[in-house]
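Novice: If you read the sequences in order, they're chains S and U.
First residue of the first sequence? That's 8 in the numbering used here, and the numbers climb one at a time after it.
First residue of the second sequence? That's 8 in the numbering used here, and the numbers climb one at a time after it.
Treat each hint with caution, since some may be false.
A pair holds if it fits inside one copy or across any two, identical chains being indistinguishable in the list.
[Unchecked claim] Think about it this way: if two alpha-carbon atoms lie no more than 30 Å apart in a straight line, the pair counts; the simulated DSSO-like pairs of lysine-lysine are: (1) LYS117 <-> LYS16; (2) LYS16 <-> LYS269; (3) LYS295 <-> LYS259; (4) LYS117 <-> LYS362; (5) LYS16 <-> LYS362; (6) LYS117 <-> LYS95; (7) LYS294 <-> LYS259; (8) LYS117 <-> LYS295; (9) LYS279 <-> LYS258; (10) LYS46 <-> LYS377; (11) LYS362 <-> LYS309; (12) LYS245 <-> LYS269; (13) LYS258 <-> LYS295; (14) LYS294 <-> LYS257; (15) LYS257 <-> LYS16; (16) LYS362 <-> LYS258; (17) LYS259 <-> LYS117; (18) LYS362 <-> LYS257; (19) LYS377 <-> LYS77.
None of these hints come from the bench; they were simulated from the model.
2 protein chains.
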Amino acid sequence: LVQPISVFKGLEGVYVTESALSLIDSENGVLYYAGYDVKELVERSSFEEVVFLMLHQRLPTSSEFTEFLKLLRRSQELEPIHIETIRKYAGVTDILSLLAMLIVLEGRGKIGGNSNDFNAAVNAVAKMGSFFSTIIRVRYGGDYIPPRRDLSFPENLLYMMNGEVPSREHADVLDDLLILHAEHGIPASTFASLVAASTLSDLYSSIAAGILALKGPLHGGASEASYAQALSIGSVEKVPEWVQLTLSEKKKIMGFGHRVYKIYDPRATIVKNIIARFMGSMNSEVKKVYEITRALEEYGEKYLASRGIYPNVDLWTPILYRMIGLPADSFTALFAVSRTAGWVAHILEYWRENKLIRPLHLYVGERPRKYIPLELRTGS
Amino acid sequence: LVQPISVFKGLEGVYVTESALSLIDSENGVLYYAGYDVKELVERSSFEEVVFLMLHQRLPTSSEFTEFLKLLRRSQELEPIHIETIRKYAGVTDILSLLAMLIVLEGRGKIGGNSNDFNAAVNAVAKMGSFFSTIIRVRYGGDYIPPRRDLSFPENLLYMMNGEVPSREHADVLDDLLILHAEHGIPASTFASLVAASTLSDLYSSIAAGILALKGPLHGGASEASYAQALSIGSVEKVPEWVQLTLSEKKKIMGFGHRVYKIYDPRATIVKNIIARFMGSMNSEVKKVYEITRALEEYGEKYLASRGIYPNVDLWTPILYRMIGLPADSFTALFAVSRTAGWVAHILEYWRENKLIRPLHLYVGERPRKYIPLELRTGS
Numbered sequence: 008l009v010q011p012i013s014v015f016k017g018l019e020g021v022y023v024t025e026s027a028l029s030l031i032d033s034e035n036g037v038l039y040y041a042g043y044d045v046k047e048l049v050e051r052s053s054f055e056e057v058v059f060l061m062l063h064q065r066l067p068t069s070s071e072f073t074e075f076l077k078l079l080r081r082s083q084e085l086e087p088i089h090i091e092t093i094r095k096y097a098g099v100t101d102i103l104s105l106l107a108m109l110i111v112l113e114g115r116g117k118i119g120g121n122s123n124d125f126n127a128a129v130n131a132v133a134k135m136g137s138f139f140s141t142i143i144r145v146r147y148g149g150d151y152i153p154p155r156r157d158l159s160f161p162e163n164l165l166y167m168m169n170g171e172v173p174s175r176e177h178a179d180v181l182d183d184l185l186i187l188h189a190e191h192g193i194p195a196s197t198f199a200s201l202v203a204a205s206t207l208s209d210l211y212s213s214i215a216a217g218i219l220a221l222k223g224p225l226h227g228g229a230s231e232a233s234y235a236q237a238l239s240i241g242s243v244e245k246v247p248e249w250v251q252l253t254l255s256e257k258k259k260i261m262g263f264g265h266r267v268y269k270i271y272d273p274r275a276t277i278v279k280n281i282i283a284r285f286m287g288s289m290n291s292e293v294k295k296v297y298e299i300t301r302a303l304e305e306y307g308e309k310y311l312a313s314r315g316i317y318p319n320v321d322l323w324t325p326i327l328y329r330m331i332g333l334p335a336d337s338f339t340a341l342f343a344v345s346r347t348a349g350w351v352a353h354i355l356e357y358w359r360e361n362k363l364i365r366p367l368h369l370y371v372g373e374r375p376r377k378y379i380p381l382e383l384r385t386g387s
Numbered sequence: 008l009v010q011p012i013s014v015f016k017g018l019e020g021v022y023v024t025e026s027a028l029s030l031i032d033s034e035n036g037v038l039y040y041a042g043y044d045v046k047e048l049v050e051r052s053s054f055e056e057v058v059f060l061m062l063h064q065r066l067p068t069s070s071e072f073t074e075f076l077k078l079l080r081r082s083q084e085l086e087p088i089h090i091e092t093i094r095k096y097a098g099v100t101d102i103l104s105l106l107a108m109l110i111v112l113e114g115r116g117k118i119g120g121n122s123n124d125f126n127a128a129v130n131a132v133a134k135m136g137s138f139f140s141t142i143i144r145v146r147y148g149g150d151y152i153p154p155r156r157d158l159s160f161p162e163n164l165l166y167m168m169n170g171e172v173p174s175r176e177h178a179d180v181l182d183d184l185l186i187l188h189a190e191h192g193i194p195a196s197t198f199a200s201l202v203a204a205s206t207l208s209d210l211y212s213s214i215a216a217g218i219l220a221l222k223g224p225l226h227g228g229a230s231e232a233s234y235a236q237a238l239s240i241g242s243v244e245k246v247p248e249w250v251q252l253t254l255s256e257k258k259k260i261m262g263f264g265h266r267v268y269k270i271y272d273p274r275a276t277i278v279k280n281i282i283a284r285f286m287g288s289m290n291s292e293v294k295k296v297y298e299i300t301r302a303l304e305e306y307g308e309k310y311l312a313s314r315g316i317y318p319n320v321d322l323w324t325p326i327l328y329r330m331i332g333l334p335a336d337s338f339t340a341l342f343a344v345s346r347t348a349g350w351v352a353h354i355l356e357y358w359r360e361n362k363l364i365r366p367l368h369l370y371v372g373e374r375p376r377k378y379i380p381l382e383l384r385t386g387s
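Please build the complete structure, drawing on both the sequences and the hints.
Specialist: Structure, rendered in C-alpha cells:
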C-alpha cells in the first residue's frame, strides 16, 4: 500500500522554522513582538528601539541604546556609489526595484552567513531608509541630503526626502507605521529571504530576495492597490454598488482577507486609532479616500465577515501614508524599509542553526520518452 | 489532547507544488526533463531546444523552432541601459550580484504574473547569456560585442565574451553544461523564485530572487568552492591526508552529498564522460585539478559512500568550466544563465494555478510582557 503524496501548495498551515520574533494571536487579535504587544510599542516605544528588540529579543539598556543609535545614524549616511546609482536610475525604475538593486550592490563581493553580524543588520535598516528618501527626492528633482545625527530615524527619513525637518505629528505617524510593519512572522517576503539565506548567500542578497517578493500585489503591493481602488471607486455613494458588483464577479476587494487572521486585523485597529487623531487636518484628497474606505469597510464586512474575511491593515494605511506626504507609488517601498528590521532579525536567527531549504515537487509530467531528431518530428 | 506541532525545517521531504518539468529518479540515478533522459539530451539536443522543451514540455517542430530561434537571438541583443550598467559596475561587483541588478532593472515598472508570457521568459534567458558574456568582457578591459544571429546560444556566449567565434569543441562543451544545469526540480533558487512569483511580483523580480539564492556555497556556489578546494589541496599526494583531516574535523568536502541523490549524481557521470574526451588537450592547471579531483573522489567515496554521501556534479564541472576558458569566479554565474531556463518554466507553470506561499513559524520566544520605559530599565 503506497501512501498518496500530500502537496502543500502555498505551504498553508505548514511550520517551516522556530522563531522568537513575533507571535500572532489570531484568535484574540493581538500581535506581539518578542513578547510585547505591538499596540503598546506603537504608543510607547520607537522604531529604533523596535529594531534593537528584533535583533536581540529584548529592549536595550540606556547605554546600549546610545551605542546602537550612534551606529544606526552613522550607517544612514550614503556613499558616492549609492548616490550615483540613485541619480542614474531614480528616473527610470520603480522605487522598489531600485531599492533591490541598491541592496544587491551593498552586498557585492560578500558571501556567507554569520548570525552575529548585528552591524550589517543595522546597516541594512539604516541604508534602506536613506535609499528610500533619496530616491524620492531625486525623482522630484532634488539631490542627496545627508542625514542629521540629532534627528530620529523617521525624522531623518522625512528630512532627507523633503529637505525640511518634519513636524512632530508627521514624524510620530511615520514612527508608528514603521513599528507596525517591522515584523509579521513568515510571509512570502520573509520566507524568500530565508530561502536565499539558507544557501549561505549573504545578508544583503537575502534582503533583496525579500524586497522582490514584497513587490507583488498579493503581499506588500496591497496598500498601493488598495489606495488605487479607493480612487477608482471615486465617491462614497458608489461604494455599495461597487462592492456588490465586485463580489458578484468573484473578484477580490483589496484590503480584505489575510492568510493568518480570520478576525479583524489588530494592526488595522491601531491604524484607525491614529487616523482618528488627525481627522481635522486631512486635505480633501485624503478625506475623500477616508470616507470611501469607511464605506468599503462597512459594506465589505457585511458580505464578507460571514466567510471569515475581514479588513486588513492595507485597507487603512494608505490614508496615513498620503497624510504625511508620501507619493502614491512609494507605499510598498516604505513597507520594505520597515520590514527590513524583521528580515534581518529572521535571517540572523535562522543562521544560528542553518538548514538549507530544499523542498520537493510532485512530478505530474510525461513518462520517459525517446528523443526524436528535429528533421524526423511531425506535427506537435 | 493537543497534537505536537511538526516543524519542517529545510522542508526536507515536503512537496510544495506539482510540476511537469523534471523527474529525478534518485534510485536509478536518472534525471529526466519533461520525460527525456538528460543524458540523451546532452548527446543529441541543444540548449536552445531544451529551453523550448522547458517552456512547452514538448520538443518543437521545425517551423516552431525557426520562430523560436529568431526570438531568442533577437533578444540576445543588449540595449544602451544594459551596456552602461555593465560598464559602470562590472569592475566593482561580483558577476552574480551584477546579473541580479541587471535582471531587476529589466523588470523595472513591471508587475503581475502571466502564465503565457513566453516572450518574456525567452527574453530572460537570452539577456542572462549576453549579460554574463559582456560583464566578463568588460571586466577584462573589452566592451560590448553584439551577438551574431548566425551563431548558436553557446557560440554567441563565448563570442561575446572573447571576441572570437569559439571552436566547435568548446561550444559543444558549453552547450552540454548549459543543458545539464537547466533544470533540477525545486532547489533553494527555484523555490525563492516561486515564493516571489507567488505574490504576483513579476517574472524578472522572481528570477532575481533565484539568482540571489543561487549565490550561496550550499547551492550554486558549490562549484566555485569545489574548484578553490582542489587548488588549496595543491597536489594529488596530499589528498588522502587532507580527506582524513577534513572528515575528522567534521567539515564538509565540497562536491560531495546532495539532498535528493543518495547515490552517484547522474550529472557527474555525464560530466566525467565529457572530460574523458578532452584528456589530451588539458593545460597544466586543469590537468592538476583533474588529478586532484580524481583522487578526492576515490578517497572521499571510501569514507563517505557508506553514509550515503556520493560525489555530485559540482565536484567535476569546474574542470570543464576552466577548460573552455571561464574565469574561476564565473562558474556560479554561468549556472545562473543555464538555470534561468528552469526558473522561468517553473514560474509560468506555477502561475497557471497561483497560490501565495505563506508558511508559519512555531513561536518559541518570550511570553507576553509589559513595556518598561528606557529610564526605568535596569541591567540587561
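Novice: Kindly indicate which numbered hints from before are broken by the structure, ordering the numbers from low to high.
Specialist: none
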